[in-house]
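Listed below, chain by chain, are the residues.
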Amino acid sequence: MMELVCPAGTPAALTAAVNAGADTIYCGYNNCTNARNYPGLNFSQKEMTESISFAHSHGVKVLIAVNTFPKAGEEKYWHQALHDAFEAKADAVILADIGVLDYATKKFPKMRRHLSVQASAANDFSIAFYKEHFDIKRVVLPRILSIEEIKSLIDKTGLETEVFAFGSVGPMSEGRCFLSSYITGLSPTSEGVCAPASHVSYKPYDNDTIKSCLGDVTLNHFSKDEAAPYPTPCKGRYKVNSKSLYLFEDPVGLNAMDILSQLRDAGVTALKIEGRQRSKAYVAQTVAAFRKALDSSSHKSLARAAEGGSETFGAYKAGWK
Amino acid sequence: MKKHKLTLGPLFFNWNADTRRDFYYRIADESLFDTVYLGEVVCSKREPFYASVMPSIYDRLLASGKNVVVSTLALVSSEADLAHIKNCIEQNTLIEANDVACLQALGGKTKHVIGPFINVFNESTLSFLVKNGAYRIVFPAEIPFSSIKKLASNKNTEFEVQVFGKSPLAIAARCYHARASGIKKHECKIICASDEEGLKVSSLDNQELFSVNGTQVLSHGYTVLLNELPLLQKAGVTHFRLSPQTVDMPAVCRIYRDVLDSKTVPSEAIIKLKKITKDTPYINGFFHGVAGMEWVHIPHS
Amino acid sequence: MFFPSSLATAFLKFMPVPLVQAVTDLALLHIKNKHPSLFSNLKALPKSQILIELSDFPFFMLFSFGNKADASIDILDPLDSMGYTTKIKGSLETLLLMLEGKTDGDEEFFSRSIQIFGNTSSIVSFRNVLDREAISLYDDIVAPLGAFAPFVISALNIADSSFSKLSPMFVSSWNDLRKSK
Chain Y
1 MMELVCPAGT PAALTAAVNA GADTIYCGYN NCTNARNYPG LNFSQKEMTE SISFAHSHGV
61 KVLIAVNTFP KAGEEKYWHQ ALHDAFEAKA DAVILADIGV LDYATKKFPK MRRHLSVQAS
121 AANDFSIAFY KEHFDIKRVV LPRILSIEEI KSLIDKTGLE TEVFAFGSVG PMSEGRCFLS
181 SYITGLSPTS EGVCAPASHV SYKPYDNDTI KSCLGDVTLN HFSKDEAAPY PTPCKGRYKV
241 NSKSLYLFED PVGLNAMDIL SQLRDAGVTA LKIEGRQRSK AYVAQTVAAF RKALDSSSHK
301 SLARAAEGGS ETFGAYKAGW K
Chain F
1 MKKHKLTLGP LFFNWNADTR RDFYYRIADE SLFDTVYLGE VVCSKREPFY ASVMPSIYDR
61 LLASGKNVVV STLALVSSEA DLAHIKNCIE QNTLIEANDV ACLQALGGKT KHVIGPFINV
121 FNESTLSFLV KNGAYRIVFP AEIPFSSIKK LASNKNTEFE VQVFGKSPLA IAARCYHARA
181 SGIKKHECKI ICASDEEGLK VSSLDNQELF SVNGTQVLSH GYTVLLNELP LLQKAGVTHF
241 RLSPQTVDMP AVCRIYRDVL DSKTVPSEAI IKLKKITKDT PYINGFFHGV AGMEWVHIPH
301 S
Chain H
1 MFFPSSLATA FLKFMPVPLV QAVTDLALLH IKNKHPSLFS NLKALPKSQI LIELSDFPFF
61 MLFSFGNKAD ASIDILDPLD SMGYTTKIKG SLETLLLMLE GKTDGDEEFF SRSIQIFGNT
121 SSIVSFRNVL DREAISLYDD IVAPLGAFAP FVISALNIAD SSFSKLSPMF VSSWNDLRKS
181 K
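Protein chains in written order, with my numbering: chain Y, 1 to 321; chain F, 1 to 301; chain H, 1 to 181.
Hints listed in this document are in silico derivations from the structure and should not be mistaken for laboratory results.
Everything numeric in this text was worked out from a predicted model, so none of it was measured.
Using C-beta positions, here's what the derived DEER-type ranges look like: (1) H:ASN33 / F:ILE298: 50 to 60 Å; (2) F:PRO299 / H:THR24: 52 to 62 Å; (3) H:ALA69 / Y:PHE54: 25 to 35 Å; (4) Y:LYS107 / H:PRO36: 31 to 41 Å; (5) Y:ASN31 / F:SER64: 50 to 60 Å; (6) F:GLU196 / Y:THR209: 30 to 40 Å; (7) H:ASP80 / Y:HIS83: 44 to 54 Å; (8) F:HIS186 / H:ALA69: 52 to 62 Å; (9) F:GLY182 / Y:ASN207: 27 to 37 Å; (10) Y:GLU148 / F:GLY182: 17 to 27 Å; (11) Y:SER44 / H:ASP77: 37 to 47 Å; (12) F:GLU196 / Y:GLU132: 38 to 48 Å; (13) H:SER40 / Y:HIS83: 21 to 31 Å; (14) Y:GLU148 / F:ASP59: 37 to 47 Å.
Computed from the model, here is a short list of chain Y residues facing chain H with C-beta under 10 Å: (15) PRO11; (16) ALA13; (17) ASN42; (18) ALA197; (19) HIS199; (20) SER201; (21) LYS203; (22) PHE222; (23) ASP225; (24) PRO229; (25) PRO231; (26) PRO251; (27) GLY253; (28) SER279; (29) ALA281.
In silico DSS-like pairs for lysine-lysine, Cα to Cα no more than 27 Å straight-line: (30) H:LYS87 / Y:LYS211; (31) F:LYS155 / Y:LYS76; (32) Y:LYS89 / Y:LYS106.
By construction, the Cβ of each residue, glycine as well, lies at the ideal position given by its N, Cα and C atoms.
The following block holds chain Y by itself, in its conformation from the complex (with noise of 0.2 Å):
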């Protein structure tokens, strides 16, 4: 049975998740150090500690993330967030920067590794060598990459994998996208955000348009009608050519809910459910859904929770690129 891991970006979505049956649950703190960095989300130390006790009380395990890039002279904050992790108690640390792996893997040596997908490892050499050099023991693995390379690669490394099951998509290599710094000054990279709510903005265009603005570039005009994508840089309509479409990924939310049993057969380890940022109600349904599909056979459909509105399989069925 592959393990569901859930996402909280408060500790009432932590209890929201875990009474809907997650196995699992990751989280950040309410700093850089973590790649959901939004103004008054994720958990002080406090508050962690007590929700990682809660969720061990009901055999959940908690990871959490640590998977943003230091800038120089700040690497302080990430050493301290991997130390209070270790005395909250955490299951494992999820993580990105070779520096902070290197740190986490002489001063922590027990304290468990896995590696993010913002590490952007998406062949098998690479994962050998964060294995080799960090001892990592599970890989998050880039959107990009199809059931047949995902089962080779599980062949190939031997190591645990956590494959998206749910949530928004992005289409380029993670941990090294600067789309939304080169519009706003903050990235996901070294911040810890894309697309800050700071910087988005809708304005009415005409009587029956609004445009969604990413500072001062425009980044979609959408009808009354039309459903409305997040306002990231790659989910944005853009012209090209005299076409306007959406150049880089259609705005639709991933769900994989339709092949869980091929995912498993590839030998695929756990299912990670994306949005952080979401709220306590989007984790309640979602990981209610998917507790449901892979306890049986049927599944609810998450159509309208899903970004856009509508689903994809993404790059799993191949295709995709």
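Based on the hints, put chains F and H in the right spot on chain Y.
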């Protein structure tokens, strides 16, 4: 021995074999570059189309006294990509690693360059990679000067910064050139070859934003760090990268050389550069810790 | 226990603005008493104002918080509603369901049942702070309404399709309330 070297970064765009040969022969014969990076960084599907001219380009550059480093793929996500990396390593001594797969293939034994697609933002990462065999670090496009200043003071390592050309912003497994034409990557017909500086991407309100080059997204404008050269020199940066564009690269190289040698002041150099680059806007936001697409003017004393 | 939002809608539509303001202030006070941490978290945010346009009402609400001040809601005439940089538009029912955490704000946004205008920063901050709480408007507001309850009940038209979304627990307690008056 020059303290501050000019390098020609790897060509991102898919120019045809003849264009490449002519371009690099001119670089060999007429330019002041100290080091030239050759090799396919973006898409392994392209290489067979120009592989035939690469040995002669390589030889011509070496014969002209330039150092040659072979750059490798930024994103390794298939068996073909991995085979490409291994092949580069087998055939060449000086390698620029742009994906951690390449580091694994090098095995920590061979001295190599860390390219801008491997994140080096802090001291510990720098230290680890140097211990692992890196003798030169090319900083990622996003890094602000405040970080460069702290890292480049290390005198035992060489540091390189891209100071001219479209900045690489993202790389993907999906091909955006193909997608813009409504086709899939596996049947792409190498259409990226039709845009010598990438395909322009604008917002719906006609703001010029990006250039798409196959699986890569670049800035629309040229990063120009002429005003910032003296600061970079003082901070300990040893190598200054000009990324190949369709403009007269030997002439651009001379402009930068003169500023590095204090023969021209940056403000005059920018005027000269404008004559070569014509309408392409300049950007330098990442250096200054603001939005990458911005131009920050710094007054001169 | 579900807040009878359809009941509130019917109730508020017939009330003059000063009375709506009084009821809103009272409701806010009750929520504050039950959820002091929500209000102290709001104080810690930057100064923010969110204009709320209720699609089923003739007035606007201005929700102000942050910068160490007490949160407040002002009922505004549409003529006074210009010049605010952040606006959210939706039905009272949807907004109340979001307030209670019974529906996901992003989902309502994707499906266009709510619309957002202007800068989203304060809405996102408020949403994240709010999501930490377990707000039950019934417990926080309806019970204390006390004396208004009979007026409310007699004003309401029971045939409301939104009832089908409400929990059996609410329907049963609603029926109890009717029986008791």
